[in-house]
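K.L.:
Given next are the chains, with one letter for each unit.
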Amino acid sequence: MEKSIIDFIIENIFLFLPLVLIGIGITIYLYFTGKNDNGKKEYVVGNDKIKIGKYNINAYILIYLFLVFMMILIGFLSDDFIIPTIVCTVIASIPIIMMILQKYILKKKVEGK
Amino acid sequence: MIFIEINQNFGEQTQHLILFIITASIIWLSLVLFTYKRHGIKKTGMYFIPMIIAALFIESAGVAGGRYYYPGYLIYLSVVGGGVPLIIVLSWSANLVLFMSMSRNVISKIYKKHNHLQTILISITAGLFAVFLDMLEDPIAHHNSWWIWKGSLEGLKFYDVPVLNFVGWFILIFFMTLATLLIERSNFSENRKLLISISSISVTGVVIFVVHGLLLRVLQMIGFA
Numbered sequence: 027m028e029k030s031i032i033d034f035i036i037e038n039i040f041l042f043l044p045l046v047l048i049g050i051g052i053t054i055y056l057y058f059t060g061k062n063d064n065g066k067k068e069y070v071v072g073n074d075k076i077k078i079g080k081y082n083i084n085a086y087i088l089i090y091l092f093l094v095f096m097m098i099l100i101g102f103l104s105d106d107f108i109i110p111t112i113v114c115t116v117i118a119s120i121p122i123i124m125m126i127l128q129k130y131i132l133k134k135k136v137e138g139k
Numbered sequence: 086m087i088f089i090e091i092n093q094n095f096g097e098q099t100q101h102l103i104l105f106i107i108t109a110s111i112i113w114l115s116l117v118l119f120t121y122k123r124h125g126i127k128k129t130g131m132y133f134i135p136m137i138i139a140a141l142f143i144e145s146a147g148v149a150g151g152r153y154y155y156p157g158y159l160i161y162l163s164v165v166g167g168g169v170p171l172i173i174v175l176s177w178s179a180n181l182v183l184f185m186s187m188s189r190n191v192i193s194k195i196y197k198k199h200n201h202l203q204t205i206l207i208s209i210t211a212g213l214f215a216v217f218l219d220m221l222e223d224p225i226a227h228h229n230s231w232w233i234w235k236g237s238l239e240g241l242k243f244y245d246v247p248v249l250n251f252v253g254w255f256i257l258i259f260f261m262t263l264a265t266l267l268i269e270r271s272n273f274s275e276n277r278k279l280l281i282s283i284s285s286i287s288v289t290g291v292v293i294f295v296v297h298g299l300l301l302r303v304l305q306m307i308g309f310a
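Chains D and V, in that order, are what the protein sequence lines are. Going by my numbering, the first sequence opens with residue 27, and the numbers climb by one from there. Going by my numbering, the second sequence opens with residue 86, and the numbers climb by one from there.
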């Protein structure tokens with residue numbers, strides 16, 4: 027009989043509980059004994075870009091596109107899996123479509139000002 | 086106790102597994118190198134190590150529970166009884182960094198204020214992006230037997246993949262992104278942030294356990310799982 031991860035953890039609670047309690051204890055200690063560091067650096071999104079030829083491309087989007095491309099390739103190479111691959115590719119393209127739309131809308135806004 | 090096992094029958098029962106392993110390895114290495122180059126060793130550790138540990142426990146419990154298994158990989162790790170391929174554990178950390186960074190890119194342009202609302206919006210978007218990609222990856226993986234869901238599993242399915250799996254992806258990426266961003270945006274030193282990110286897996290793990298457990302019961306009641 028298959029068990030969900032939740033059921034498995036509940037059945038083996040005495041294995042997980044000590045680890046969790048130790049982890050929570052250490053986290054509380056680290057949280058309350060830490061001093062504030064005023065030299066905090068903010069994350070700059072523009073730093074994510076890499077230069078390829080003339081173009082500045084977001085490295086994470088490039089990696090995502092590579093991953094989707096490889097999955098499509100494997101899907102097409104698989105036996106009788108072309109239609110599901112196309113359907114699933116449409117879904118996986120949503121983040122890219124969102125980013126293109128966002129860039130387009132922001133560009134329009136800037137032009138409108 | 087961590088056990089490491091080397092499989093002598095690499096690729097058995099599977100199709101195109103080598104392509105998947107090469108792809109996952111390239112992505113993981115690229116992300117580690119890029120993050121190290123841009124943000125240094127401590128932040129790279131903060132982004133990757135917690136998810137590697139969390140994935141090791143969650144995947145090992147999932148395999149030990151008997152819902153799915155991974156045939157044909159080369160190196161397996163086990164912490165609570167189920168063998169999980171090393172590349173799967175590493176891929177989870179790549180997933181977190183990839184989706185967190187992509188969603189940060191989207192949200193920070195729409196909502197510019199660095200506050201808790203922005204953190205939550207980034208985490209929700211990261212969870213959704215993860216689900217969108219998994220809806221491509223999981224059916225192909227199941228079809229090529231890179232990981233096999235037990236056929237006797239009940240509930241709603243998407244190309245033989247239980248819908249509960251996608252719920253799990255959302256919850257895991259959402260909470261891990263939330264925890265990573267909250268720690269990153271705190272005022273502690275970089276060393277302390279790294280230590281807290283590792284120790285706080287226990288706190289995030291309990292939250293994921295409770296939320297996932299409650300959702301599972303609700304989905305079982307309405308026949309989705």
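It should be emphasised that the hints constitute simulated quantities derived from the structure, not laboratory data. Any given hint could turn out to be false.
Restricting the straight-line Cα-Cα distance to at most 30 Å, the calculated cross-link-like pairs of lysine-lysine (DSS-like) are [said to hold, decoys possible]:
#	chain 1	residue 1	chain 2	residue 2
1	D	K129	V	K242
2	D	K129	V	K197
3	V	K198	D	K61
4	V	K122	D	K77
5	V	K198	V	K128
6	D	K134	V	K128
7	D	K29	V	K128
8	D	K29	V	K198
9	V	K122	D	K80
10	D	K29	V	K242
11	D	K80	V	K194
12	D	K77	V	K242
13	V	K122	D	K134
14	D	K133	V	K197
15	D	K80	V	K235
16	V	K198	D	K133
17	D	K129	V	K194
18	D	K133	V	K194
19	D	K75	V	K128
20	D	K134	V	K198
21	D	K77	V	K235
22	V	K128	D	K61
23	D	K75	V	K235
24	D	K75	V	K242
25	D	K61	V	K242
26	D	K129	V	K235
27	V	K127	D	K61
28	V	K235	D	K61
29	D	K75	V	K198
30	D	K29	D	K75
Covered stretches of chain V (in silico footprint by chain D; criterion: 3 or more residues with CB under 8 Å from a CB of chain D, positions within the stretch not fixed) [as the list claims (entries may be wrong)]:
#	stretch
31	88-100
32	146-154
33	168-178
34	218-228
35	288-301
Remember, it's a predicted structure, so these values are computed and weren't measured experimentally. Backbone N, C-alpha and C define an ideal beta-carbon position, used for all residues, glycine too.
K.L.:
Which earlier hints can't be squared with this structure?
P.N.:
1, 6, 7, 8, 12, 13, 15, 21, 23, 24, 25, 26, 28, 30, 31, 33
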